[in-house]
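Visitor: Chains as they are written, first to last, in the numbering used here: chain A, 233 to 504; chain B, -15 to 310; chain C, 241 to 516.
No lab work stands behind these hints: they were computed from the structure. Treat the hints with care, since some could be wrong.
Unchecked claim - Footprint (simulated), chain B over chain A, 3 or more residues, beta carbon under 8 Å:
1. 331 to 342
2. 461 to 474
Unchecked claim - Beta-carbon label-pair distances, calculated as ranges:
3. 390(A) x 405(C): 24 to 34 Å
4. 100(B) x 512(C): 51 to 61 Å
5. 383(C) x 110(B): 25 to 35 Å
6. 398(C) x 329(A): 51 to 61 Å
7. 100(B) x 419(A): 41 to 51 Å
8. 225(B) x 387(A): 16 to 26 Å
9. 419(A) x 496(C): 49 to 59 Å
10. 225(B) x 513(C): 33 to 43 Å
11. 291(C) x -11(B): 43 to 53 Å
12. 419(A) x 225(B): 25 to 35 Å
13. 307(A) x 174(B): 35 to 45 Å
All C-beta atoms in this analysis are idealised placements derived from N, C-alpha and C, irrespective of residue type, glycine included.
Take a look at the letters that make up each chain.
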Amino acid sequence: MWREKTFRCGIVLVLTILILCVCLPWIVPQDPYTQSLEEISQPPSFSHPFGTDFFGRDLFSRILYGGRSSLTIGIIVTFFAVAIGTVIGMISGYFRGWIDAALMRFVDVMLGFPRLFILLTVIGFTRPSFGLMLAVLSLFSWMEVARVVRAEVLSVRERLYVKSAVALGLNRRRVLFRYIFPNILGPIIVSATLMIGSVIVIESGLSFIGLGVQPPEASWGTILNQGFQDLAGAWWITLFSGLAIVVTVIGFNLVGDGLRNVLDPKTGERES
Amino acid sequence: MSAYLFRRLIGIVSVVLIGATLIFIIVHLAPGDPATIFLDPNAAINTREQIAERFGLDQPLAIQYLKWLSGVTLHLDFGNSFSTGRPAAEMIVEALGPTLMLTGLSLIFGILIGALLGIFTAVREGCAFDKTISAIMLFFYSMPSFLIGVLLLGLFAVRLDWLPSSQMVSLFHDQLSFGGRIIDSIRHLILPITTLGVSFSAVFFKYIRGSMVESLHSNYILAARARGVSSGKIFFKYSLRNSLLPLISTIGLSLPMLFSGALIIEVVFSLPGMGRLMFNAALARDYPVIIAAGSLAFLSVVLGNLLADILYMIADPRIRLKGKSS
Amino acid sequence: MSWIRKPASGNRKMKSNTDREKLIEVKELLVRYGQRNLFRRREKTVNAVNDVSFFIHRGETLALVGETGSGKSTIAMSILHFVSPDSGKILYSGEDIWKYKLGELRAYHRKVQPVFQNADESLNPRLKIRSTLSDALDPTLSSEEKSLRLRDCLSNVQLNEDVLPRFPHQLSGGQKQRVCIARALATGSEMLVLDEAISSQDLSLQAHLLKLLLELKKKLSLTFFYISHDLETVRVIADRVGILKDGRLIEIGDKNEIFNSPKESYTQLLLERSRF
Chain A
233 MWREKTFRCG IVLVLTILIL CVCLPWIVPQ DPYTQSLEEI SQPPSFSHPF GTDFFGRDLF
293 SRILYGGRSS LTIGIIVTFF AVAIGTVIGM ISGYFRGWID AALMRFVDVM LGFPRLFILL
353 TVIGFTRPSF GLMLAVLSLF SWMEVARVVR AEVLSVRERL YVKSAVALGL NRRRVLFRYI
413 FPNILGPIIV SATLMIGSVI VIESGLSFIG LGVQPPEASW GTILNQGFQD LAGAWWITLF
473 SGLAIVVTVI GFNLVGDGLR NVLDPKTGER ES
Chain B
-15 MSAYLFRRLI GIVSVVLIGA TLIFIIVHLA PGDPATIFLD PNAAINTREQ IAERFGLDQP
45 LAIQYLKWLS GVTLHLDFGN SFSTGRPAAE MIVEALGPTL MLTGLSLIFG ILIGALLGIF
105 TAVREGCAFD KTISAIMLFF YSMPSFLIGV LLLGLFAVRL DWLPSSQMVS LFHDQLSFGG
165 RIIDSIRHLI LPITTLGVSF SAVFFKYIRG SMVESLHSNY ILAARARGVS SGKIFFKYSL
225 RNSLLPLIST IGLSLPMLFS GALIIEVVFS LPGMGRLMFN AALARDYPVI IAAGSLAFLS
285 VVLGNLLADI LYMIADPRIR LKGKSS
Chain C
241 MSWIRKPASG NRKMKSNTDR EKLIEVKELL VRYGQRNLFR RREKTVNAVN DVSFFIHRGE
301 TLALVGETGS GKSTIAMSIL HFVSPDSGKI LYSGEDIWKY KLGELRAYHR KVQPVFQNAD
361 ESLNPRLKIR STLSDALDPT LSSEEKSLRL RDCLSNVQLN EDVLPRFPHQ LSGGQKQRVC
421 IARALATGSE MLVLDEAISS QDLSLQAHLL KLLLELKKKL SLTFFYISHD LETVRVIADR
481 VGILKDGRLI EIGDKNEIFN SPKESYTQLL LERSRF
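Extracted from the complex, chain A is given alone in its bound form (with noise of 0.2 Å):
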């Protein structure tokens, strides 16, 4: 696994990204929330490596602390997705029958919704808050993962050493987690790491709009969202933002591209 190219550049990224968001924050000289009147709206400079807002907070602090809401808003939903997901999934590629049939036509109706308006409907009724924006998200995105489960385990589930521990007479419950579950994990891996990315990419738009995190909280997207009051003044406020988005979905994908390959079929599955 970490001879392969694209993991190693990944986990490089997020690994600094993670590290600097989590701890960075006890070092980091000034504090996100400061205003200061005489330093509205300053350029890149030594005391402000990324320059200041509208406010005069400094960036860089204010991009650290928002990458940890980003971050953990992407960690949190993709744990719930996977969890459900995963659970569905198994349910539905094992027991099969009208089960199966049920819960994929639930997946069905669930990704006909379109996930953007179901979030804008209900997170536009009531106040959006941290917890409804989770709820929601790791609600309508469990979905893809039910499906590649699902599929893992039907492929499984015929597999020769699965055949042997039904034929030992082992209960249900040990063959779905002794012999099926750990030999699924990859796949479910590989999903959620690409997940955390996309769902960072999706919190980020939804506080661009407004819908997201709320302020004095601040994620990328709402950071974004300021750069873009004032697009050719600050343009560092856009760029720095952005940036922090671009970078830290780039290695969440490498991560999982790394991983995929070392699953690939052609080479056959490897002990990690």
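On the provided structure of chain A, position chains B and C as indicated by the hints.
Guide: Chains B and C in isolation, oriented as in the chain A frame:
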């Protein structure tokens, strides 16, 4: 095969009905009373009741549902918008035009560029061109589409002032000559279409290149090469044909995009399309419009899936001749 | 090793077929593959197994020979309760296995164990050999007893204990197949269904495995249902042989009868081909 189709159609009808019903339920269940939005806190008490009555909001939910369902299935009548009073269906049809133009053209643009580049780089895998293009595409793939839009806007509209930054047409559009009007529209649409187009092309590129590379590496291609089949023949007859299948289904699955609209893009560029319509309707809690727009979007997804399945079935002989039970 | 199974008492040297206990009886087995149309009726069906009847006596080795696609594996899968027959019965000591309830089914599974063709695929790549084999043992045993029995299992198949902490991909092909055999025996089985278990291995391995199987059969009084397209191994291991063609059992009888004086022309054809 016709049996399969028939079953699918039944499935679709049920899915659509369930979906539309769910939309209805969600919308009505969500907190927030549409009637109170229009109200000044100081308004008379019975004004609220009047509004509720006018829009039929005071009747029990079940009755509202039945009335709505019959209206929809029989007359395609989604009721009148709370904001503008016009029939919701009408508003949607109006907004559909700009959206379809935007997304349609962007999709074409995206598919063409994505497919061409994807195929080209897959065939010349590993060369400098491939690496560069792949890197660039990865970059755009990881970028939210609205960010691309914002950047393009910033550069071309704001900084350079070459192109207009919003709307589909200028204020004086009607006064222009026919040719002038066309140019005006184009000028307004270039940025949004480029934005979405680039975004789409990154997605299609990744997909097509991936499937082409995989098929080019597969055993049967190797066998063909060993037999001495010429490269060109390999390419067209085998690789391309097999990559075509997932491509077709991907296109089918992208069809919903045509309708749901590239929502945020429309907001960014202030285009009067479905996306912006939904956005405003959601904020204004304009139930009829929300439901109408949602149902349409939902339907488009379902039809898109069906279309993709049909195309896939036609193209893939394996599925037509499928044997093996249990 | 008395825990593995009680040796059959007094069932040796039975001469006539009718005297011996029928462990497995297959009656008019019919298995179809096909497409279902809208109304759940099958169109374009193919009879993978077509009206096949035979029995397997306790303690014997019945070999089923046929070309690929003749339906041999399907029959094996039916006997193993993996593929349900469209009509016909499979009886185990007189009981219809497709009427078993869950508990009875589990017991049946443990008595009639498979050894598949592909040892790589037969072992869970994520489990150590120790875990795989432990899964085969009676779960109510204490861990000491389990260790003891694990050691017995391994010695039966002439494997060293050092395979226990390893993963399947760390073992050689021969070792893997032997682990599969050990696992099949660890459940206290009385019959093994060997689906191309030998003929897919390297030639040098085949001889070893055949010898091992014959020894085990004697030691543990096993019954073998041996499926193969390779007549050479059949000749070594089988007592009776059945010939399967396109889903039909066209000939069945004692090994020597079949090999020396086959009645059907197809059988003769097969024999001829294998001589090269």
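Visitor: Would you mind marking each hint as holding or not holding in the structure?
Guide: Each hint tested on the structure:
no., hint, result
1, 331 to 342, "holds (count 3)"
2, 461 to 474, "holds (count 5)"
3, 390(A) x 405(C): 24 to 34 Å, "holds (29 Å)"
4, 100(B) x 512(C): 51 to 61 Å, "holds (58 Å)"
5, 383(C) x 110(B): 25 to 35 Å, "violated (54 Å)"
6, 398(C) x 329(A): 51 to 61 Å, "violated (44 Å)"
7, 100(B) x 419(A): 41 to 51 Å, "violated (30 Å)"
8, 225(B) x 387(A): 16 to 26 Å, "holds (24 Å)"
9, 419(A) x 496(C): 49 to 59 Å, "holds (53 Å)"
10, 225(B) x 513(C): 33 to 43 Å, "holds (38 Å)"
11, 291(C) x -11(B): 43 to 53 Å, "violated (36 Å)"
12, 419(A) x 225(B): 25 to 35 Å, "holds (26 Å)"
13, 307(A) x 174(B): 35 to 45 Å, "holds (38 Å)"
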